[in-house]
Amino acid sequence: MEMVQIAVVVVILLALVKPLGTYVYHVFSNEANWTDKVFGPFERLLYKFIGIKNRDGMSWKKYALSFIVTNLILTAAAYLLLRLQWIHLFNPNGMEGMEATLSFNTVISFITNTNLQHYSGESALSYFSQMAVIMMMMFTSAATGFSVAIAFIRGLTSRGQTIGHFFEDFVKAHTRIFLPASFVITLVLVALQVPQTLDPTLTVKTLEGAAQQIAIGPVASLESIKHLGTNGGGFFGVNSAHPFENPNPLTNVIEILSMWVLPAALPYTFGRFAKSKKQGWVIFSAMMVLFLVCLTTVYAAEKAGNPVFGGLGIDASQGSMEGKEVRFGIAGSALFTAVTTAATTGSVNNMHDTLTPIGGLVPMAEMMLNVVFGGKGVGLINMLMYAILAVFLCGLMVGRTPEFLGRKIEPREVKLIAVAILAHPFIILVPTALALLTDAGRAGITNPGFHGISQVLYEFASSAANNGSGFEGLGDNTTFWNISTGLVMLLGRYISIIAMLAVAGSLLRKQPVPETIGTFRTDNALFTGLLIGTVLLIGALTFMPAVALGPIAEYLTIR
Amino acid sequence: MRTNAFAATAGNKPDSSGSILWQALRSSLVFIVLCGVVYPLVSTGAAQLLFPREANGSLVKDGSGQIVGSALIGQPFKDPKYFQGRVSSIEYNAAGSGSNNYAPSNPALLERVNTSIAQWRTENPDVPIEQLPIALITNSGSGLDPHITPQSAAVQIPRISKLTGLDEAELKQLVEVNTEGRSLGLFGENRVNVLKLNLQLADRLAGKSTAPQVKG
Amino acid sequence: MMTNNRQKRMLTADAVQRALKESLLKLNPVTMVKNPVMFVVEVCTVIVLLMTVFPGYFHSEDRIGFNLTVFLILLFTVLFANFAEALAEGRGKAQADSLKKTKQEVMANKLVEGGSINVIKSTELHRGDLVIASQGEMIPCDGEVVEGVASVDESAITGESAPVIKEAGGDFNSVTGGTRVVSDWIKIRVISEPGESFIDRMISLVEGAKRQKTPNEIALGTLLTSLTLIFLIVVVTLGPIAKFVGIELEVPVLIALLVCLIPTTIGGLLSAIGIAGMDRVAQYNVLAMSGKAVEAAGDINTMILDKTGTITFGNRMASEFVAVGSHVKSAELLNWAAISSLKDETPEGRSVLDYMKRNGLPFDTLGAEGGEFIPFRAVTRMSGIDLPDGRQVRKGAVDAVRNWVLSQGGIVPDDLTGKANVIASAGGTPLAVAVDKDVVGLIYLKDTVKPGMSERFEQLRQMGIKTIMCTGDNPLTAATIAKEAGVDGYIAESTPEDKIEVIRREQAEGKLVAMTGDGTNDAPALAQADVGIAMNSGTTAAKEAANMVDLDSDPSKIIEVVAIGKQLLMTRGALTTFSIANDIAKYFAIIPAMFMIVIPQMNALNVMKLGSPYSAILSALIFNAVIIPFLIPLAMKGVAYRPMSGSRLLGRNLLIYGLGGMLAPFIGIKLIDLVVHIWV
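Same order as they appear, the protein sequences are chains A, B and C. To convert, note that position 487 of the first sequence is 487 in our numbering; the numbers rise steadily by one, no gaps. To convert, note that position 74 of the second sequence is 74 in our numbering; the numbers rise steadily by one, no gaps. To convert, note that position 361 of the third sequence is 361 in our numbering; the numbers rise steadily by one, no gaps.
I should point out that these hints are in silico values taken from the structure, not numbers from a laboratory. Bear in mind the structure is a predicted one, so any value in this text is a computation, not a measurement. Treat the hints with care, since some could be wrong.
[Stated by the list, open to error] DEER-style ranges, computed between Cβ atoms:
#1 Thr438(A) x Pro55(C): 44 to 52 Å
#2 Ser134(C) x Gln511(A): 49 to 57 Å
#3 Ser155(C) x Ser158(A): 54 to 62 Å
#4 Arg55(A) x Phe630(C): 58 to 66 Å
#5 Trp679(C) x Leu536(A): 32 to 40 Å
#6 Lys53(A) x Arg53(B): 44 to 52 Å
#7 Val43(C) x Lys53(A): 55 to 63 Å
#8 Ser158(A) x Ala397(C): 55 to 63 Å
#9 Thr438(A) x Arg53(B): 47 to 55 Å
#10 Ser89(B) x Val607(C): 36 to 44 Å
[Said to hold, decoys possible] Calculated from the model, a selection of chain B residues having no Cβ within reach of chain A, i.e. all distances over 12 Å:
#11 Leu163
#12 Gly165
#13 Gln173
#14 Arg182
#15 Arg191
The beta-carbon is built from N, C-alpha and C at its ideal position, and this holds for glycine as well.
Hey, can you work out the whole structure from these sequences and the hints?
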């Protein structure tokens, strides 16, 4: 039964990829289509508010500048709102202003779509902050990532000088995707018992007569965009493990699908842009294969349970239930874990810190690879980066200057990609080493031994991949952790996005090379295999030694 | 400064950096209002209108109409005559949420589990520990898990029967009534809502004269 | 063929000795830093050396033996890489040396105003000067023949011993300094300044002095450098991470891990592959002006080939006799054909008699004894013979002969034009033979396609390369030859402008175009093409415009050049893949070894069951070092290349170098460990 429910969710996802991918293509192809009629009038109003007169395409530099400036302004505004929380607007529980480094960490965390949370929403944020800071940035960061991914796709698949108009993409991502979808899913979640209220924390008298305080708030409206936008920051500290955020298996499935479906549909959208659906499916298949390997591993590891309990004589047949909720069981938890780190959402419905060593290795690996579907657009961008890299290595082996989608891969592109692939291990491993070297870093570690390394490694992998989940035991609301992860999140987001936009800008200008029988084909099963191989060889080998000392050593010593 | 440096290379028109800054400012304002204020408030209004019970936390009342908690949020049950929920390091304090996040290799985890087992042995001498399900002695992720597995409820029946005098068959039937199946018969796990179960248990006990006062 | 002989003696003891010496000199960090991968290894070598020599400073007293071993292995890793490069360079240097010998200073007979001759050193000649070179003298400079005809021995450059005719005007007027006049004399106008001559350029090219990295090499180098940096980060951060769980990693062990992980195999062989690739082109006696041109050859989509000389032998040869009018295909026709060609020394003329002799056709030319030969003239477009008995025999273009017959009051048979057209449409050239007022028949001249051409074009098709044939022939003839040779397209009645037009058209579609050419007319097209190969026999203008010069003047060699270009890229790709794939096994050797002392359970990862932690580390390191010399022959020769489609080629190379690269080190390290474990 557990396998069946996982399989059903995967099948639903597969069924959604094509229609949704097609829809996204129609939204951003800028060809006239039916979506214009529905959304056009409202968008024209927004364009007017924003002051956009013409929507001519931008060069990649102008596009990058636009999204950076916009993100900068949003970040500044959000920082101010957090610091000025004491003004008590929609603040029934009387939250005070947030501390400076925590505010720094939080706004970076949300503008980068990471949603690493060094605070607990129920004890640190006013409802206004949850709405105007958290939900607002969940929308805008997702829309930014989506826009950039579309711009990148345009660069790869079209010719000329421009990759689209940022503000137009940004508006459309909101009006045609995130806002309507979030509203519908909010109402579905409320119908399934997720609260949505502005009332303050409840106090009830329990059955035994004790007083119980129950934090509550506008949870559903955050929950929907949290997953649709692959954001992942919870309304409450324990995120989607909290019964208010994720009250039953149905909401669990809805949350899994809503964070998974857009990243999974994007490769198909890419295929539509590339005028080669096969090319889209190749990318999708590579992601799916990696995903299924990860899912199987985490499920098997959690089902097998914690070997430490093996000798206690209790009935441990259910698997590792520490940190998991009864309503989700092993299957619902393992699937959520695999999807949330694949889609770099970072919400959790079980505590990743408590996963078995190999079970915990899976989410860590997915973030280190950062290509298994990936967050709003970034996963696709990264996967395409690996595709270009695979083309480069293997293209040489067919005796031609490597080309991808008819564009030659030359020193400029390789240099930019080198920056991106270099950045990822750098911003994970170097801070990890620093944290383990310094007292300030070590102070946060709450589990002894090898798992301590895993905690630190996970935190930075999560920050770098803009995932946001945590090995939550880590005591991370300190200056050291707030600043270090803040910087890692910034670098993790913007270095690769800017480098890849530059690649797009460069490929855009190239004269396409016609395809011949001598061309190295990138739209077949062989290339899917190659892509997976490249991801594993270049992406994964980097982290082998550190992982060996973390989860693998933990696994070997307790089995 | 940085903005200008970028613009010098990026712009087709000389005023582009100015217009980008201006457009970025205005679009930020638009989306702060739209996504940060309009969207959540409209959502709240619609939710309160359409699903008032669910939107306000699915509160549960006892027989006397008194609110005793939320169906979704677990409660601590100190009295061994009630069904016990799962381990919660935060004592089901729903003002917050969370757990100790013990790693599988953490000695503290083993220590806590051993304590739980020892306590189980003293409270349930009639049930062999081979039947003690792992879910019952592990900490839920949220620390607020309102459910236990049906097996976790079943193994507590002998103890509760002994302490309350209710016979096991009746308790078993209570547990069965309060067992929620998989959603759509497919998703999730079979589970027993501890608060609802104990509410009915309390009602039964109140029906019997031996029961202590439940209605507060 | 002879060229290969010249090149084969590259792996002589002398060359190896020189390379050994060079590989030591190359340890100089200033040169080493240009290869970041090997530079990192060198720095590591120095660090381990210091730890071995001054153990006190590093608290490594108890590890001197191990450290010394690591130092030696690292040193050899660097030396092996240097040796590969030096060996590749050495081959070029040897070639350059033999060229330099031809460049001894010679005296030049400079023609000064007034017609007298001034004997000066060749180094004092300047562009525009006129010199005379006579029998037995060395031509002192590159130049164009402005007067005279001479046969010139160009073996110093081409290796071809048969002398070639050089004459003023036309496409055979260019001479190269350093070649020798073997008969007659020529007047030459100097076209290069001292030190810029063709031989000078050739020397600097083969010596690699001006060797610039190609775009592909730069891109790959960037990738390798970033991989090196990544692994540097991995290893540097590993120390603190391990320390957290109480594992103190020794620096030499970390260095061993680093050196094993960074792509030393391809890093050490990369420049050797590039040099050897250029060298292979040189072995085919093709002089590439840059490595970029060789790589571009691998990317060629379209090849433009001249029909004559490349696809066909170029000589039209008699292949049939056709009677016209009342005549029958009889001894009479054969006799007249033979008589008309008896004294005709043109290839066509000779081919008539050759054909008859070869096929045992009887003919009688007695009547021609003492006749007067009428040579071919452009005006008449006929040649022939006036017999002693007064009869006139003429042979030539059909309309010319017809007009000649008509002008004498003769009657042209009705079927002449028809039969001539049949021959033309079959790709042949009809020659009419007439005696006085009577046209007796037609000689069918056929241009013969070189054997094996259609197979080669088929191979090119499999590589995805389209061939376009250019010919001055009429469309009918062109179509026939094109069909017979199996080219993909043709341009009939083509002019040099047509070639440029075709090249531009193909390039507009994003295709890369290669062509060969020799005439001055070809120069613009050669310059426009992505790969232009000029014939050495051709004009200077053509050679200047081209980016390759074929010293043998064999236009069909372009096909080999393409294969070499592909091979060069493939070799780089294959060795890179191999190098990276090796890392998996090295991880399984070193990671458990590093941590096993503190975490004994790590032995579970020791899948190769290596003897001890230290022998595991040393074995991986030794494998990493010796794989370089093992692969030198492959780097030099290039990956075996057979024409096939991109997908099949990839599948094959992936299997060998990808999968092989994963498995080989598992076996290699295990075998080395069996030996090393005897000591550690």
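Could you check the hint for me, namely that Thr438(A) and Pro55(C) are 44 to 52 Å apart, CB to CB?
Given about 30 Å between the Cβ atoms, the range is violated.
Given as non-interface: Arg191(B), partner chain A, CB spacing beyond 12 Å
The claim is violated: Arg191(B) sits with its nearest Cβ about 5 Å from chain A, within 12 Å.
The hint says 47 to 55 Å between Thr438(A) and Arg53(B); measuring C-beta to C-beta, is that right?
holds (51 Å)
Range first: 32 to 40 Å. Now tell me if the beta carbons of Trp679(C) and Leu536(A) are that far apart.
Holds: the Cβ-Cβ distance is about 35 Å, inside 32 to 40 Å.
Please check whether Ser158(A) and Ala397(C) have a Cβ separation lying inside 55 to 63 Å.
Between Ser158(A) and Ala397(C), where Cβ atoms are some 56 Å apart, the hint holds.
State, for the Cβ atoms of Arg55(A) and Phe630(C), whether the hinted interval 58 to 66 Å holds or is violated.
Once the Cβ atoms are compared, 60 Å apart, the range 58 to 66 Å for Phe630(C) and Arg55(A) holds.
For Ser134(C) and Gln511(A), compare the CB-CB distance with the range 49 to 57 Å and indicate the outcome.
For Gln511(A) against Ser134(C), whose Cβ atoms are near 53 Å apart, the range 49 to 57 Å holds.
Kindly confirm whether 44 to 52 Å is satisfied by the beta carbon distance between Lys53(A) and Arg53(B).
holds (49 Å)
For Gln173(B), is the shortest beta carbon distance to chain A beyond 12 Å?
holds (20 Å)
Report holds if the minimum CB distance from Leu163(B) to chain A is greater than 12 Å, and violated otherwise.
holds (15 Å)
Say whether it holds or is violated: Arg182(B) keeps its Cβ farther than 12 Å from all Cβ of chain A.
The assertion about Arg182(B) is violated, with a minimum of 7 Å to chain A.
Does the beta carbon distance between Val43(C) and Lys53(A) stay inside 55 to 63 Å, or does it fall outside?
The hint (55 to 63 Å, Cβ to Cβ) holds, given that Val43(C) and Lys53(A) are roughly 57 Å apart.
Taken one by one, the earlier hints fail for this structure at numbers 1, 14, 15, listed in ascending order.
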